[in-house]
Amino acid sequence: MEVHIDTAACAGHGVCEAIAPHVFEVDDDGKARVVPRTLEEEDRVDIGYAVNQCPEQALRLLG
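Position 25, counted from 1, in the sequence shown is what UniProt numbering calls 25; the numbers after and before it change by one each time, with no gaps.
Some hints here could point you the wrong way.
Simulated crosslink set (DMTMM-like; lysine to aspartate or glutamate; CA at most 20 Å straight-line) [what the hints assert, rightly or not]:
1) K31 / E2
2) K31 / D46
3) K31 / E56
4) K31 / E17
5) K31 / D6
The following label-pair restraints were derived from C-beta to C-beta distances [claimed, not checked]:
6) A11 / L61: 16 to 22 Å
7) A11 / E41: 27 to 33 Å
8) G14 / P36: 25 to 31 Å
9) G30 / Q53: 27 to 33 Å
Because the hints were derived from the structure by calculation, they are not lab data. Glycine is no exception: its CB is placed at the ideal position from the N, C-alpha and C atoms.
Given the sequences, and given the hints that come with them, work out the whole structure.
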């Protein structure tokens, strides 16, 4: 499982971070990034919800 963030599309709203702070954070540049850790299968539901709620549609769940 992998998360792709389109940083050009990301506006830094922080919706993903609010939904899954163990997976996403907004960096100092105002862009979302994946927290450096191994993604676990149990993260899939939270990631999927964050993908669906992203107002800029900047997130993709692969795999």
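* Determine which of the earlier numbered hints do not hold for this structure and return their numbers in increasing order. => 8 and 9
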